[in-house]
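Enquirer: Sequence:
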Amino acid sequence: MSQITSIATSKPQRSVNIDFDSKIIINGITNMVESDDKQIIAALSDRTLVITGEKLTVVSLDTERCVCTVSGAVYGLKYVKGKEKQSVFKKIFK
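Our numbering numbers the first residue of the sequence shown as 239 and each following residue consecutively.
Just so you know, these hints were derived from the structure itself, not from any lab.
Computed from a prediction, not measured in an experiment: that's the story for all the values here.
You may find that some hints are simply not true.
To be verified - Have a look at the derived ranges for each label pair, beta carbon to beta carbon:
1. S253 to K319: 16 to 24 Å
2. D300 to I256: 27 to 35 Å
3. K319 to S260: 26 to 34 Å
4. R252 to T290: 17 to 25 Å
Stated by the list, open to error - The list that follows gives simulated cross-link-like pairs (lysine-lysine, DSSO-like), each with its CA atoms no further than 27 Å apart:
5. K293 to K316
6. K319 to K293
7. K319 to K261
8. K276 to K261
Note that CB positions come from ideal geometry on N, CA and C, so glycine has one too.
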């Protein structure tokens, strides 16, 4: 009888589950870069997730399990390579 073993990967599984008008659950978050009521920037292992909307709130963040829960109205999700940080001028002249 052979034994099945699982191989642990260094990258956490990434997924985004959206429960419309309620909450978003994001798996794979390694760090929260920035958050305010209109934009949340979260770091994944090798990329960045930018969430835009209104009344956005980080309800919970568990970096050990790489899970984040966000509430608010979401208008867009942007998945970018590397870290994205907006300049002060870009934020002012939005």
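Enquirer: Hint by hint, say whether it matches the structure.
Expert: Checked hints:
Against the hinted window of 16 to 24 Å, the Cβ-Cβ separation of S253 and K319 comes to about 19 Å, which satisfies the hint. Between D300 and I256 the C-beta distance comes to about 19 Å, which lies outside the given range of 27 to 35 Å. For the pair K319 and S260, the supplied restraint of 26 to 34 Å holds, since their beta-carbon distance comes to about 30 Å. Between R252 and T290 the C-beta distance comes to about 19 Å, which sits within the given range of 17 to 25 Å.
Between the alpha carbons of K293 and K316 the distance comes to roughly 18 Å, so the proposed pair stays at or under 27 Å and holds. Pair hint K319 plus K293 holds up; C-alpha atoms about 26 Å apart against a cutoff of 27 Å. At most 27 Å may separate the alpha-carbon atoms for a hinted pair to count; K319 and K261 meet this at roughly 25 Å. Using a Cα cut-off of 27 Å, the hinted pair K276 and K261 holds, with the two alpha carbons roughly 15 Å apart.
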